[in-house]
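Novice: Below, each chain spelled out in residue letters.
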Amino acid sequence: MIRPVFADLAGQQRVITTLTEQVDQGEPTHAWLFTGPPGSGRTTAARAFAAALQCTASPAGCGTCPTCVSVVSGKHPDVAFISTEKFEYQVRDIREIITQAQDKASQARWRIIIIEDADRMSERSGNVMLKAIEEPPANMIWILCAPSPADVLVTIRSRCRAVNLSIPSTEDVAQLLVRRDGLDAELARFAARASQSHIGVARLLARDEQARIQREKVVTLPLRVTTLPQAMEAAAEISKLSAERAEHITGADLQHKVSELRKANGLGEEENIPAGLRGQFRELEENAKRFARRASFDAIDRTLTDLTTFFRDVLSLQLDTRVELVNEHLREKLNAFAAHQSREKTLSQIDAIDEARRRIAANVNQLMALEALMTRLLQNPGRR
Amino acid sequence: MARAQANPGISWRDLTPQPLILLSGSEQYLASRAFELLRAQAASREDIAHTRLNAQSYEPGELLLATSASLFSTANLVEIHDLATMNEYFLKDALAYLKSPAPENVLIMHHSGGARGKKLLDAVKAAGAVLVNCQPVKKDAEKIEFVTAEFKAAKRRITNDAVKALVAAVGNSLAELGSSCSQLIQDTTGTVDQDVVDKYYGGRVEATAFKVADAAIAGNAQVALRTLRHALGTGTDPIPIVATLAMKVRQLAKVLGVNEPAAVLASQLGMAPWQVQQAQQQARGWKRADLAACVETIAQTDRMVKGGGRSPGYALERAILFIAGKAPRH
Ligand SMILES: [Zn+2]
Numbered sequence: 001m002i003r004p005v006f007a008d009l010a011g012q013q014r015v016i017t018t019l020t021e022q023v024d025q026g027e028p029t030h031a032w033l034f035t036g037p038p039g040s041g042r043t044t045a046a047r048a049f050a051a052a053l054q055c056t057a058s059p060a061g062c063g064t065c066p067t068c069v070s071v072v073s074g075k076h077p078d079v080a081f082i083s084t085e086k087f088e089y090q091v092r093d094i095r096e097i098i099t100q101a102q103d104k105a106s107q108a109r110w111r112i113i114i115i116e117d118a119d120r121m122s123e124r125s126g127n128v129m130l131k132a133i134e135e136p137p138a139n140m141i142w143i144l145c146a147p148s149p150a151d152v153l154v155t156i157r158s159r160c161r162a163v164n165l166s167i168p169s170t171e172d173v174a175q176l177l178v179r180r181d182g183l184d185a186e187l188a189r190f191a192a193r194a195s196q197s198h199i200g201v202a203r204l205l206a207r208d209e210q211a212r213i214q215r216e217k218v219v220t221l222p223l224r225v226t227t228l229p230q231a232m233e234a235a236a237e238i239s240k241l242s243a244e245r246a247e248h249i250t251g252a253d254l255q256h257k258v259s260e261l262r263k264a265n266g267l268g269e270e271e272n273i274p275a276g277l278r279g280q281f282r283e284l285e286e287n288a289k290r291f292a293r294r295a296s297f298d299a300i301d302r303t304l305t306d307l308t309t310f311f312r313d314v315l316s317l318q319l320d321t322r323v324e325l326v327n328e329h330l331r332e333k334l335n336a337f338a339a340h341q342s343r344e345k346t347l348s349q350i351d352a353i354d355e356a357r358r359r360i361a362a363n364v365n366q367l368m369a370l371e372a373l374m375t376r377l378l379q380n381p382g383r384r
Numbered sequence: 001m002a003r004a005q006a007n008p009g010i011s012w013r014d015l016t017p018q019p020l021i022l023l024s025g026s027e028q029y030l031a032s033r034a035f036e037l038l039r040a041q042a043a044s045r046e047d048i049a050h051t052r053l054n055a056q057s058y059e060p061g062e063l064l065l066a067t068s069a070s071l072f073s074t075a076n077l078v079e080i081h082d083l084a085t086m087n088e089y090f091l092k093d094a095l096a097y098l099k100s101p102a103p104e105n106v107l108i109m110h111h112s113g114g115a116r117g118k119k120l121l122d123a124v125k126a127a128g129a130v131l132v133n134c135q136p137v138k139k140d141a142e143k144i145e146f147v148t149a150e151f152k153a154a155k156r157r158i159t160n161d162a163v164k165a166l167v168a169a170v171g172n173s174l175a176e177l178g179s180s181c182s183q184l185i186q187d188t189t190g191t192v193d194q195d196v197v198d199k200y201y202g203g204r205v206e207a208t209a210f211k212v213a214d215a216a217i218a219g220n221a222q223v224a225l226r227t228l229r230h231a232l233g234t235g236t237d238p239i240p241i242v243a244t245l246a247m248k249v250r251q252l253a254k255v256l257g258v259n260e261p262a263a264v265l266a267s268q269l270g271m272a273p274w275q276v277q278q279a280q281q282q283a284r285g286w287k288r289a290d291l292a293a294c295v296e297t298i299a300q301t302d303r304m305v306k307g308g309g310r311s312p313g314y315a316l317e318r319a320i321l322f323i324a325g326k327a328p329r330h
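Taken in order, these protein sequences are the chains called A and B. Note that the UniProt record's numbering gives residue 375 to position 375 of the first sequence, counting from 1, and the numbers run on in steps of one. Note that the UniProt record's numbering gives residue 232 to position 232 of the second sequence, counting from 1, and the numbers run on in steps of one.
No wet-lab data here; the hints were simulated from the structure. Certain hints may be false.
[Claimed, not checked] Incomplete in silico selection of chain A near chain B, CB under 10 Å:
| id | residue |
| --- | --- |
| 1 | A352 |
| 2 | E355 |
| 3 | A356 |
| 4 | R358 |
| 5 | N365 |
| 6 | L367 |
| 7 | M368 |
| 8 | A369 |
| 9 | L373 |
[To be verified] Straight line, CA to CA, 30 Å or less: simulated DSS-like cross-link-like pairs of lysine-lysine:
| id | chain 1 | residue 1 | chain 2 | residue 2 |
| --- | --- | --- | --- | --- |
| 10 | B | K211 | A | K333 |
| 11 | A | K86 | B | K199 |
| 12 | A | K289 | B | K306 |
| 13 | B | K287 | A | K240 |
| 14 | B | K119 | B | K92 |
| 15 | B | K152 | A | K240 |
| 16 | B | K155 | B | K211 |
| 17 | A | K240 | A | K289 |
| 18 | B | K119 | A | K289 |
| 19 | B | K287 | A | K345 |
| 20 | A | K240 | B | K306 |
| 21 | A | K240 | A | K257 |
| 22 | A | K289 | B | K152 |
All C-beta atoms, glycine included, are put in the ideal place defined by N, C-alpha and C.
Let the sequences and hints guide you as you build the complete structure.
Specialist: Okay, structure coming up:
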């Protein structure tokens with residue numbers, strides 16, 4: 001029987017067994033590395049594990065006692081969740097975290113620090129982190145999370161116990177959405193498929209009609225964009241949309257943080273910032289800019305992932321694999337599209353999407369990368 | 001005593017359709033903006049027919065045909081270019097038309113200067129033509145005014161320092177100043193300040209970049225390479241050159257084979273009408289598949305100049321040769 005605190009880990013039976021054993025045996029390893037593709041639930045797993053470790057009920061991991069509830073909601077004083085809005089942790093950030101780790105647990109058995117994006121450590125900050133993991137204070141447990149073991153320094157990896165979450169099946173994800181979020185079964189299945197089992201994205205898709213419309217627009221681009229001028233326009237539109245989304249997020253966020261910082265320093269909204277504090281405000285702005293870049297990158301990345309599903313479906317049809325399509329609802333149109341091009345062409349289109357992703361990551365002008373992509377997705381670029 | 005200054009005329013920006021309009025002065029760029037503005041205004045009306053005449057290669061009777069009502073139109077927009085080199089036929093027909101110009105027609109003529117056609121110019125003025133100032137813009141103050149007006153028309157802000165920096169960098173040619181304004185308006189958001197201008201046009205990159213791009217898409221590899229090497233040899237940053245190449249190819253790709261009037265395309269694409277027209281001209285003879293290949297090459301090049309290749313100069317040369325190689329042979 002699964003302990004209630006682990007109930008939301010869709011399709012992770014193997015992981016749940018390991019973690020439950022660790023909890024029951026009472027002497028958990030002090031450094032963990034939770035890995036799994038985006039949306040597989042690594043942070044949820046880390047959270048549930050932390051709650052079960054602190055839970056005093058028997059058997060531990062009840063999910064309902066005040067300890068479990070406060071850990072899961074991120075309010076427990078001895079369980080810290082850490083993530084960065086920057087592209088990378090600076091050495092300074094890691095030192096701060098380590099200082100935090102020196103505090104004694106205030107009420108619970110363990111002091112637990114969960115780093116949700118351990119993949120964002122440079123080699124330098126990673127080496128600082130390594131020291132802390134090598135010589136942990138008593139009762140201290142580190143849980144690092146990253147998409148894959150390869151995203152973390154080898155030296156860190158080798159000192160952590162690995163927990164690999166697998167991609168849950170669409171059925172697992174759909175069931176979770178129905179059970180936990182009370183969503184309609186059919187919608188949940190569509191969302192699980194369309195998100196390719198990314199739990200967070202699936203939930204958003206199932207809940208938010210706007211998000212579904214947006215995804216549909218992206219996925220059907222190859223059907224609607226058939227000429228060079230249209231391809232150029234589509235690239236401009238994707239680029240603009242993601243920039244707007246990013247600016248929207250950052251603008252509001254920055255404003256909020258600036259006014260918090262003003263309050264903290266007893267400054268009115270209109271008051272001039274004294275010279276001594278300007279550095280702090282400037283840092284806020286710089287962080288916001290970095291964050292905007294990341295948000296825009298994430299938005300583009302999601303778009304490219306959605307686009308890929310179209311061509312993977314086309315390839316499935318061309319190879320007659322008989323598997324369920326990600327975009328099952330577009331089957332007829334996908335069939336027609338697939339009949340008009342070779343498999344080689346489909347593969348080259350999937351390559352083009354990967355190439356665009358690499359280019360954007362390598363700081364190629366976003367619009368240029370997207371224009372090149374959209375022209376390469378055309379079935380017949382010479383078409384009038 | 002100073003000689004009385006002749007009336008230079010109104011600004012092209014204030015131009016509205018009138019029965020007789022005379023664009024006076026040798027600044028071709030201002031004249032082209034005036035023509036475009038009227039074309040754009042006319043494009044919103046379905047009952048107006050549009051004809052373009054050249055006074056130098058004019059055939060007898062063309063003006064009469066262009067100015068009469070037809071089955072589909074009640075009014076006419078007639079552009080007449082190159083008045084300064086007009087032939088006898090045109091002079092004769094124009095003088096005849098001026099005796100009773102039709103109030104519903106718009107006749108817009110460009111005379112770039114010189115003594116030729118003085119008789120006609122006097123008659124045009126006597127018939128009450130609106131005079132539009134197309135004199136060369138020489139003073140920095142006028143160029144600053146031009147940039148400010150461009151940004152105001154696009155409802156965008158630019159700081160005074162940025163205006164000055166832009167004029168200093170690319171103010172030698174008004175056409176380049178104009179296209180730089182629209183590049184900044186399109187490529188950036190928020191207030192344009194000096195940092196932005198420096199990034200784009202620092203070290204006079206821009207004039208060179210346009211020359212390189214124009215030559216490449218015209219298939220003139222030699223000129224493009226020579227200009228590029230000179231620029232890189234004098235320390236020009238390659239990244240804005242790639243950006244300009246991309247912008248040019250983008251404009252061509254957006255208009256190639258699209259059968260819409262320039263004014264309609266301009267509003268659809270967020271380009272200035274004169275840019276659309278220039279792009280349409282430059283796109284002539286290009287094949288869509290070739291242009292698509294250039295779009296891909298440019299993305300490759302941007303990656304190479306940003307550290308993905310052994311030498312930015314080599315990456316740019318490769319791109320230029322590729323584009324020029326795809327260009328149609330005229
Ligand atoms: Zn509990």
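Novice: With reference to the structure, classify each hint as holding or not holding.
Specialist: Do the hints match the structure? See the list:
Taken as an interface hint, A352/A checks out: its beta carbon lies about 9 Å from the nearest beta carbon of chain B, inside 10 Å. The interface hint given for E355/A holds, since its Cβ lies 8 Å from the closest Cβ of chain B, which is under the 10 Å cut-off. Here the hint on A356/A is kept, as its CB sits about 8 Å from the closest CB of chain B, short of 10 Å. Residue-level restraint check for R358/A holds (minimum Cβ-Cβ distance to chain B is 9 Å; threshold 10 Å).
The beta carbon of N365/A comes within 5 Å of a beta carbon in chain B, closer than 10 Å, and the hint placing it at the interface holds. Taken as an interface hint, L367/A checks out: its beta carbon lies about 8 Å from the nearest beta carbon of chain B, inside 10 Å. Taken as an interface hint, M368/A checks out: its beta carbon lies about 5 Å from the nearest beta carbon of chain B, inside 10 Å. Because the beta carbon of A369/A sits about 5 Å from the nearest beta carbon in chain B, less than 10 Å, this interface hint is met.
With a least beta-carbon distance of about 8 Å to chain B, the hint placing L373/A at the interface is held under the 10 Å criterion. The suggested pairing of K211/B with K333/A is violated, with an alpha-carbon distance near 45 Å, which exceeds 30 Å. Our distance criterion of 30 Å between C-alpha atoms is met by K86/A and K199/B, whose separation comes to about 25 Å. The hinted pair formed by K289/A and K306/B meets the criterion: a straight-line CA distance of about 20 Å does not exceed 30 Å.
Distance restraint check for K287/B and K240/A: the Cα-Cα separation of roughly 27 Å lies within the 30 Å cut-off, and the hinted pair is therefore satisfied. Proximity of K119/B to K92/B is assessed by CA-CA distance (about 11 Å); at most 30 Å being required, the pair is judged to hold. Proximity of K152/B to K240/A is assessed by CA-CA distance (about 23 Å); at most 30 Å being required, the pair is judged to hold. Straight-line distance between C-alpha atoms of K155/B and K211/B comes to about 29 Å, which keeps the hinted pair within the 30 Å bound.
Restraint check for K240/A and K289/A: the C-alpha separation of about 17 Å stays at or below 30 Å, so the hint holds. For the suggested pair K119/B and K289/A, the alpha carbons sit about 64 Å apart, so the restraint of at most 30 Å is broken. Restraint check: the Cα-Cα separation between K287/B and K345/A comes to about 21 Å, which is no more than 30 Å; the hinted pair holds. Between the alpha carbons of K240/A and K306/B the distance comes to roughly 22 Å, so the proposed pair stays at or under 30 Å and holds.
About 25 Å separates the Cα atoms of K240/A and K257/A, which keeps this hinted pair within 30 Å; it holds. Taking the CA atoms of K289/A and K152/B, the gap is about 28 Å. The hint holds against a cut of 30 Å.
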